[in-house]
Structures are given as structure tokens and as C-alpha cells.
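K.L.:
Residue numbers (the numbering used here), protein chains in the order written: chain D, 1 to 359; chain S, 1001 to 1370.
To be clear, the hints were calculated from the coordinates, so they are not data collected in a lab. Be a bit skeptical, because a hint or two may be false.
Below, simulated DSSO-like cross-link-like pairs (lysine-lysine); rule was C-alpha separation at most 27 angstroms, straight line [claimed, not checked]:
1. D:Lys149 <-> S:Lys1258
2. D:Lys232 <-> D:Lys205
3. S:Lys1156 <-> S:Lys1279
4. S:Lys1279 <-> D:Lys231
5. S:Lys1247 <-> S:Lys1258
6. D:Lys231 <-> D:Lys205
Computed spacing ranges between beta-carbons, pair by pair [said to hold, decoys possible]:
7. S:Ala1214 <-> D:Arg211: 29 to 35 angstroms
8. D:Lys232 <-> S:Pro1326: 16 to 22 angstroms
9. S:Lys1031 <-> D:Gly262: 43 to 49 angstroms
10. D:Leu203 <-> S:Val1327: 45 to 51 angstroms
11. D:Met225 <-> S:Ala1214: 44 to 50 angstroms
12. D:Arg307 <-> S:Ile1152: 45 to 51 angstroms
13. D:Leu125 <-> S:Ala1214: 26 to 32 angstroms
14. S:Arg1334 <-> D:Leu13: 46 to 52 angstroms
Ideal Cβ placement from N, Cα and C applies to all residues, glycine included.
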Amino acid sequence: MGPLNRRKPRTRLSNSMLLFIIAGVIFLLMYGIAMISFPVSFRQFQTFFDFFNLNAALFIATLGMCIVMIGGGIDISIGAVCGLVTMACAMLLQSGAGDIWGALFLALGIGLAFGLMHGFLIAYLEIQPFIITLAGMFLAQGLLTTLHKEPLNVTKPAFVALRRFTIEIPWLGTVNRLGVFIPCEIKPSVIVVVALVVLYAALMKWSRFGRNLYAVGGNRQSARMLGVNVKKTIFLSYVLCGLTAGISGFVFLMTTGAGNIGNGSLYEIKAIAANVMGGVMLNGGVGNLLGAPTGTLTLLTINETIRAAGVQSNLQAIVSGLLLYLFIVLQSVIMSLREGREFKLVLPSWLKPHRVQDK
Amino acid sequence: MPRLRARFDRLSHLFFPLSVLVVLLIINLIKGADYFRITMINGVFYGNIPNILFGASELVILSIGMTLVSAAARGQDISIGEIGAISSAIFVQYVLNADGVTIWTILAGFLISCVAGLVIGAFNGTLVSFFNVQPMVATLILFLGGRSIAFIIDGKVSPILANPISNQIGTVIPGVPIQTPIILTAVFIVLVAVVLKTTNLRLYVEAVGVNPSAARLNGINPKRVIFLTFLIMGVCSAVAGFIAVNKAGRHDSVNLLKFIMMDAILAVALGGNSLAGGKFSITGSIIGAYTIEVLNRTLLRLEVNPEAIKAFKAVFIIVLMVIASPVVRASARRLLDKVQTTVTGSSVPQAGGLSKAVVTMTDSSAKREE
């Protein structure tokens, strides 16, 4: 049996892997451009770490969205749930009724409640995910404004200590103009992000749930015929997404230290954009979980570069929209090149005769 | 008799949205019996019903376009508010830069804004149909950048549209007893109805939505149909933007038609349409749009705490969707049958739903094996 095993069988690169590689290359490219254009800020490691320090909540929210998107669904309530959690936790901490652990459990509880509701309604009652999570978004926003309208600063000493707490990396850092070595700093929330990324990536890669989710997202009918419990898988994906939104709310509070109505607003849109940049398809079944943080990094790099370039704030939105357009078109062209083995997108269909393959 | 029955079956999908609307109206009636009262002030009808028709006019127009997009492209356009903001910004600039505003200026401005809507719709449509991008992702681009484009066209914070003709379009024309946006909406609905009756649009859109490959085999180009629906969506958004900006009297690029895509998608779903494409009912969507407006006004009328309105709306939507969900309906029907059999003592043939499901499953599996 030796000769058979000697050479590894050449497997074709999966779509998920290809899109992930594209996403990684795009991120490196963007960061490279940023480093060349703005060497002072982008060559410091601290700038890179600050992406995580300041946007840990967005990273986490994107992970949850990624899981739902791989399962072929969508959850547009994550931003509102994140905001609701920050406000609820801030109120709990501020009222003195609970400590940090209590707040953490509250955050997980709220996230879990929304996740269970969405999961049950979408998986077992077969309601369209967009509408149900839209209702979830309205519910979370309504509860948020009912709870408290003004911004609420958390002044509890234990929490402030947690918020101020930073971890220094002694071997990484920059020397400032005076010749003093300043080590890089990361916040505890970064560790949460890294832990969750590793955990979820392992879950999607090796667990039965992860594999089932890819099967369900790719083709629900055939997954059912293969004996996958489709409903349970979808249910679990939404529960996980809700839970992740709860965690992201707590991390948001750890970053900003205040409950506010505007917290986490538009996170759902940012998360979708980040996932698309990271090579996760909205159709489902395609995408690498590591694409979610990669896409978020690309999104943040673009935003930071535009901001560093001093572009007027209105142009910023247009430029980031244009870049998103470029990525989407690039992804689409690469995917069609790969599937069709012929380039058929340059010309509109009525300009040349050809077969159309549609999903 | 069978003909009547067929006709009833064809209209049965409207039963659910209509019953929701009726329930809401009854709630309003219980709250105050003068709900339907219409008063005449300065020769114009005012009251709750005219207000609802007036308030929902943009949403109705947008939900018509959204129905077509959902049916053909199997996804939603989330940039409709932004398209409306951009096209109406162009309209406002045209009117402000013209010397002497006449009805022709307004008309020309309106046509230019419709062309702008077409161009933007073509942008979205190209991405969706020729580049195979999911609709929500493709329209995300304009959702992110659209309002900034509108602001740049405006050039300043909010240009004011102070001329008598746009004022009349936004409110009432002297001598006409109905507010102008209601008339415009009615005209638009009639136009769409005529187009759907006289052309093959409905057939093509449904065919593409049900199965693009099958449509292709039957000689329909799915890409072109999807592209067309996005063009229509662009025009619908431009018309809605035109009405909204004339109503407001000024062009606020940040808040004009903000987040209206959520309501439009909701209207499509409330109307009994699938968001995953296929058969569609424009009538259902229109009823859905009016239902949303009635719901918003009902919550205000019931003096719900303004902070909690969104939460109530959410609960209402969830309850509606649970009632309308196929699973709940099937189990309710089973329960009903059981009650019927125990009451009458005879068995009712109830294999309909089940056998249909089995047939569709085997159908699709057979297709896949091919």
C-alpha cells in the first residue's frame, strides 16, 4: 500500500480557502499601502494593536455574524443587542446592585435570550431571518431607550480599574524622540477577541456543529438528506450569534466605559461589510471564520488610512464605499473565473452570445 | 361556482394582510369611535384616513419596487433611502438653479431625478446581475456612501425648497380636495398596475425568481430581468424622494427617507410575499405598507411611551410573523381537522399539505440528480 500513500492527493482549493487567501492578500496590500503612505503612524506596532484595543467589540460582533452568514442566514440585530447590553450593564454596575461578574452574566443572558428567540423563530417556525432579526433590532432599540436615554458613565472603582488595565508587551515597542522605550499596550478585551477567534475557528473547523453548518449553508436540502439536523444547526447558529453579540456589548462597555444609545449602532452593516471583505458569502456555505477578523482589519485599515489622509468626512464614506465596490467586483470576477473557466463578466450579456449559469 | 372558488383562491393570499389591517383599525375604533371621521378644512379632506394615506405615500411606492426586486433577485435593496436622497438632491439643485419656477421646471427636475434614479439603479443592477453579487451586499455600497454623495450635491446643510409649486405638490393644490401626495401615489399605483397587466413583466419576474436556470431554458434572460427590476427600483426611489422632499420643503440629506428600507422590506413580508423570490403580490405589499403606517399611528394614538414604541412594534411584528409562519399554519390546520373529525365523526382527507411537501422534496432531489 506504500505507493498510494506516498504522495498526498492533490485536493482542489476550496472556495472558502480561496476567498480567505484573497482577503488576506487584500489586507496585506492595504496595510502595505498605509505603511508606505503614512510611515510615521502605521509602522508602529501600537497602531496595529490599537485596531484591536479600540474596536474589540466590532471584531467580536463580526464573528457572530460570520457564523450566521456561513449558515445562510443573517442577523441584523447584533448592533442593537450590543447597545442594549452596554446600557443594561452600565445601569447594573452604576446602581451598585451587581459586581462585574453580575454584569457579565447579564450581558451573556441578554445575548442568549435574543439568540434563543431568533433561533427558535427562524429554525423551528421557519420565518424569514431578515424580518425576525429586524424585529429583534427594533425590540432591542426600544428596550434600550426605555431603560435609559442619557449617556451613563460607569464610575464603579472595580470596573474603572478593569477598564484602565493594560497589558504591556515588553519586547515590542517604539523608541520615542527622547530615546525612551515605550512598550506596546494591549487591553484585556484583545485577549477576549483572540480567545473567541481561536475557539470559534476550532468550532467551525473540527466540531460536528461547524461541519453541519457549512453543509446546511451550502444546500439545505442535501444536508437534510445526509442526515444533518438542519433545524437544530440553524437554531444553534443564531443562539451562538446572540451570545456573541452579548459578549461584544460587554467588551464595548469595557472599551468606552459608558452606556449610550448610539453604542453599537450600524455594527450589523459594518459586520456584513467586514465579512464580505473577509470572503464570507451571504448566500451561505462559503467562508473561513478567520476571514471575519481579517475583513474587519481591512475595513479598519481603510478607514484609518482615509482618516490619516485628511479626507473630508463626506468623502470618507464615498471612498470606503468605492473600495468596497472594488473588493466585491474583484471577488466576483475571481469566483466566476474559477467556476466558469472563462471570463464572461467584462461584457454585458446582450453584447455576446454565451451560456448563462445561474444559481 | 368553481370559477368563484378559483377567484377566491387567487385572492386568498390577501386575506392575511387585510385581516391585520382590519384588526388594527378595530383597535383604533375601540380607542375612539370618531376614528373614521373626515373633516373638510378649506376645501380639503383631513382626518385619520387621509393622514394615513398621506403619510404612507413614499413607503407604498418604495414597497412596490422592493416587491419586484425581492421577487426576481431573491434579495433586498437596502440603498433605497439613499437613492431617494441623491435623486431628490439633484431635483432640488435643478429647481434652485433655474430662474423662475414654473410647472415645467418642476417636471423637468422630476424627470432628471428619475434619470438619476435609473442610473443608480443600473449601478446596483449591474453588480447584482452581471457580477453575481448578493443584492444586499451590492446595495451596501450605496447605503454606506449614498448620503455623503447627496450632501456633496447639496453643497450645504439643507437647501430650502421655497416655491409655491413644490409646496402645492407637498401639501394640496387649491381646488383639489385630496392632498397631492395621495394623488401621486394613486397615479403611480395605477401606472404599475397597467404595466403589469399589459406586459409580460410579472411572468418574467416570477419565472426568474422561482428558478433562474429554468427561466433561462425557457428563453428568459434572468440577468436582464434582474437588471430591469433594479432599474424600476431606482425609478420608484426617485419618485419617493421627489414626494418626500416636496413634503418636507427642504432637502435634509442625512434624514430624508432614513432607514425606510427596513419598513419597505417589512411591508413586502407583511404582504405575504417571500423574501427569497418567486411569486409576488404587489397588492399585498401596498396593503402591508399601509398597515405599517397604521401601526405607527396606532401606537401613537394609544399613547404608548414614545421610547417604547419600537419595542411594541417589534412584538407586533413577531406575533404577526408567528401567525403567518407555515409551521404554525400547518399545525393549526391539523388541529382544526382533528376538531372537525371529532365533531362530525367522519374523517377528513388531510393529506394535501403533506403529500405536497413530499412531492416538492422528491422533485428537487430528482432535479439535483440530473
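K.L.:
State for each hint whether it applies.
P.N.:
Outcome of the hint check:
For the given pair, Lys149 of chain D sits about 21 angstroms from Lys1258 of chain S by alpha-carbon distance, which is consistent with the 27 angstroms threshold. For a cut-off of 27 angstroms, the pair hint linking Lys232 of chain D to Lys205 of chain D stands: about 18 angstroms separates their Cα positions. Pair hint Lys1156 of chain S plus Lys1279 of chain S does not hold up; C-alpha atoms about 44 angstroms apart against a cutoff of 27 angstroms. This hinted pair checks out: Lys1279 of chain S and Lys231 of chain D have alpha carbons roughly 25 angstroms apart, not beyond 27 angstroms.
A threshold of 27 angstroms between alpha carbons decides the hint, and for Lys1247 of chain S with Lys1258 of chain S the separation of about 15 angstroms falls inside it, so the pair holds. At most 27 angstroms may separate the alpha-carbon atoms for a hinted pair to count; Lys231 of chain D and Lys205 of chain D meet this at roughly 20 angstroms. For the pair Ala1214 of chain S and Arg211 of chain D, the beta carbons lie near 31 angstroms from each other, so the given range of 29 to 35 angstroms is met. The supplied range of 16 to 22 angstroms is met by Lys232 of chain D and Pro1326 of chain S, whose beta-carbon atoms lie about 19 angstroms from each other.
For the hinted restraint 43 to 49 angstroms between Lys1031 of chain S and Gly262 of chain D, the CB-CB distance of approximately 34 angstroms leaves it violated. Here the CB-CB span from Leu203 of chain D to Val1327 of chain S is close to 28 angstroms, at odds with the stated 45 to 51 angstroms. Between Met225 of chain D and Ala1214 of chain S, the C-beta spacing of about 21 angstroms breaks the proposed range 44 to 50 angstroms. The supplied range of 45 to 51 angstroms is broken by Arg307 of chain D and Ile1152 of chain S, whose beta-carbon atoms lie about 18 angstroms from each other.
Separation of Leu125 of chain D from Ala1214 of chain S is about 29 angstroms and conforms to the stated range, judged on CB atoms against 26 to 32 angstroms. Between Arg1334 of chain S and Leu13 of chain D the beta carbons are some 48 angstroms apart, a value that agrees with the proposed interval 46 to 52 angstroms.
In this structure, the earlier hints numbered 3, 9, 10, 11 and 12 are contradicted, and the remaining ones agree with it.
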